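**Student:** Whole structure, please, built from the sequences with the hints as guidance.
Chain order of the listed sequences is Y and W. The numbering of the first sequence is our numbering, which starts it at 1 and goes up by one. The numbering of the second sequence is our numbering, which starts it at 1 and goes up by one.
Don't read these hints as lab results, they were simulated from the structure.
Label pairs and their calculated CB-CB ranges:
| id | chain 1 | residue 1 | chain 2 | residue 2 | range |
| --- | --- | --- | --- | --- | --- |
| 1 | W | 260 | Y | 187 | 52 to 62 Å |
| 2 | W | 391 | Y | 90 | 47 to 57 Å |
| 3 | W | 236 | Y | 151 | 41 to 51 Å |
| 4 | Y | 253 | W | 391 | 24 to 34 Å |
Model, not experiment: these values are computed from the prediction. Where a beta carbon is used, it is the ideal one built from N, C-alpha and C, also for glycine.
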Amino acid sequence: MSQSNTPGVPDVDAMDVDRMVENEREDPESVLAEADHSTDLGLAMAEDAKRVGRGELSSEQFWAKYDEAARAEFGEAYEVTPNPAVDSDDQTIDEAAAESLSCSVGSMDSVAAELDESEAVEASTAAADVDGDSDDPTYGMVIDLQKCVGCDSCTVACKAENRTPPGVSYNVVMEEEHGEFPNVSRTNIPRPCMQCTNPPCVQVCPVSATYKMDNGVVNIDYERCIGCRYCMIACPYGARYFDFGESYDDEITEADEITSPEYGIDRHEEGRVEPVGNVRKCHFCHHRLNRGEEPACVETCVGDARNAGDLDDPESDVAQMADSDRAFQLKEEGGTDPNVYYLK
Amino acid sequence: MATETDTGRLEFDTDFGFTSDRIRYGWYGLLAVLLLVGAYAVYLRITQGMASTNLTSTTPWGAWVAFYIYFVGLSAGAFLVSTLSNVFGMEGMEKVDRDALFAAAISMAVALLFVWIDLGRMDRMYHPFIWRQITSPLMWEVHAYVAYIAVLVTELYFAMRVDLARLAARVGGWRGTLYRALTLGRTDTGERARERDETWLKRVGILGIPLAIFLVHGGTGVLFAVAKARPYWNSGLFPIIFVVSAIVSGAALVMGLYVLRSKVLGGDLDRSLLDRLAKLTAAFVLVDLAFFLIDMLIALNSLHPHDVETWLLILTGEMAWSFWLVMAGLGWAVPLALLSKRSWRRTPALMLLAALSVVIGIVGVRFNIVVPPLIVPVMEGLPAGEYFPSLVEWTTSAGIVAVGLVLYTLGVELLPLEPLGDDK
Chain Y
1 MSQSNTPGVP
11 DVDAMDVDRM
21 VENEREDPES
31 VLAEADHSTD
41 LGLAMAEDAK
51 RVGRGELSSE
61 QFWAKYDEAA
71 RAEFGEAYEV
81 TPNPAVDSDD
91 QTIDEAAAES
101 LSCSVGSMDS
111 VAAELDESEA
121 VEASTAAADV
131 DGDSDDPTYG
141 MVIDLQKCVG
151 CDSCTVACKA
161 ENRTPPGVSY
171 NVVMEEEHGE
181 FPNVSRTNIP
191 RPCMQCTNPP
201 CVQVCPVSAT
211 YKMDNGVVNI
221 DYERCIGCRY
231 CMIACPYGAR
241 YFDFGESYDD
251 EITEADEITS
261 PEYGIDRHEE
271 GRVEPVGNVR
281 KCHFCHHRLN
291 RGEEPACVET
301 CVGDARNAGD
311 LDDPESDVAQ
321 MADSDRAFQL
331 KEEGGTDPNV
341 YYLK
Chain W
1 MATETDTGRL
11 EFDTDFGFTS
21 DRIRYGWYGL
31 LAVLLLVGAY
41 AVYLRITQGM
51 ASTNLTSTTP
61 WGAWVAFYIY
71 FVGLSAGAFL
81 VSTLSNVFGM
91 EGMEKVDRDA
101 LFAAAISMAV
111 ALLFVWIDLG
121 RMDRMYHPFI
131 WRQITSPLMW
141 EVHAYVAYIA
151 VLVTELYFAM
161 RVDLARLAAR
171 VGGWRGTLYR
181 ALTLGRTDTG
191 ERARERDETW
201 LKRVGILGIP
211 LAIFLVHGGT
221 GVLFAVAKAR
231 PYWNSGLFPI
241 IFVVSAIVSG
251 AALVMGLYVL
261 RSKVLGGDLD
271 RSLLDRLAKL
281 TAAFVLVDLA
291 FFLIDMLIAL
301 NSLHPHDVET
311 WLLILTGEMA
321 WSFWLVMAGL
331 GWAVPLALLS
341 KRSWRRTPAL
351 MLLAALSVVI
361 GIVGVRFNIV
371 VPPLIVPVME
381 GLPAGEYFPS
391 LVEWTTSAGI
401 VAVGLVLYTL
411 GVELLPLEPL
421 GDDK
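**Tutor:** Here it is in structure tokens:
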């Protein structure tokens, strides 16, 4: 073993790591001995499964070999589970091979689709029981202006998270100075999309490309938007931006290589064009909400001024803050009823 | 216009193109240059996308939208002038009836080209017909435009059919084939058929009047007026001003074309008709001016900061020249002066000047409708806009207007846009 000159970095090579893994690995025989089913069959299948992983054996051959033994061992449970195949794109052995085996349920995809359907049916009956969409949260944000220091971190975090091009900034901080020297004060008002309860942008869109989701977030369908920019005209908060197709690529090499999975769809990966020629806006980092995370601006705020949560849940922080005497909304008289509240 | 034929009978003129070849080739040459420049500009627009414009997220609408509402107005105005003859039976107006209808149809086509080029995704222009949003005025508008074009084409057909049939019977070659095709097989030129055409012309015109006033142009005004975020537009008077200024520009256009037509294509000019068109234009300029002042008074009295700021920007801002010189000067002052005297109203050259002045002045009106409220930011702390159209915006606009002029000129040279003389 050679002497390392780098302090703090353990001096190990690949062999050492393999040995460490081997030490940590549990003995297959003793693990399987505790299970209800045959230890020998388990060991044999595990060995052959490794060969499948290495590409020495196809999944179809694997399942042909163990079909009879597996049915005898697992009975009905085996028959109703599709034969998995790690070496296949759809994770299932091919149709013809599956036919010849005793498993009868078709591909993994069809099983998944059926599960989705039955869940959807359950969900809709549940929603019908309690009136309307009471199951869905109404995402809201509360921004404490006493805590905001005007550092613009939220704007930067937003640009980093959503990879917005030049000229598009879902969040900005509006800075206002009041009074005359020496009696001056300064107010910083961060402005994301207000996710209005009555969004004027949605009313005017001629193609229904922008609409309000059940969780209160106003969405834009990049597959449908024609880029007429009427919504930008109608938005009282200037929260919408047109994607002129500009890029940071001139300033930062490969700036366009990383894209954001806006509304949960990674356009880059699926080979679609970025929403050039469309209107874009803040969506409360919808892809993060779906993962149970807070919007990037909320997570990053240095003064803990920004809060996000479910306004429908009276126990939530945002609901309680939005109820306080300090709470107000921007342009309240406009009837848009924003789901972004400010604390003065 | 009557010529002696070998049968010895007096016949109507079948050749209504330019009288001078020099003017013809000069005119088509100019249009060809504009089309070529425009085509290159459209190429730049398509390859560079909306980045080829000077539009921003603060000022998302600009020259193309201004020209779009301008040509919608021109169309609605010209159409309404045409109904003075074919619906209201105003005497003498039948001479400009078809020309007004044809100009209205071409203007509408030009307006739609402006809407199209303004879309961020031009390839998705059909989407409003698929995914309708009933609360969107823009969705209703595109449907109204289609219905309106159908009305215009139907009107033109009933207005021209008898003359088309007469031409088809008398002219051979490809022109004869064209005329026969345009009659859609109805070649009866008898008195009964003529009356039936007139009845239908009137019926479709009656349908078209509310369509043009309330849906096509009033609706385009509504499109702006519903934008509560822009208090300058958000007034009940706004759609009405839209319609009035549309009639101003339409009446002036019809008057200008009437003078031009007799100058360039030959033929006599009815001075009392000219006087009537001039009075009509003057009356609507006055109504337009009055409504404008009322709207300004209401806005300034509201003391709404955004509204007041927008008005001050128009009156005193960087682009105030476009208000004082183009809108107030060419749109109101010059025409009102020229239209004030009876003898001037009967002087073709002066009326052509007045018409041109109005037609250009209303362009200023349209720009001052679209741009100023998009310069003043919607909230304090957001950046203010700055906008002057880019070269690509200007040259594509010139190209699109040239498309309209080519279509119009071809129509003038080929179609009986002025009623043909009698057979004997």
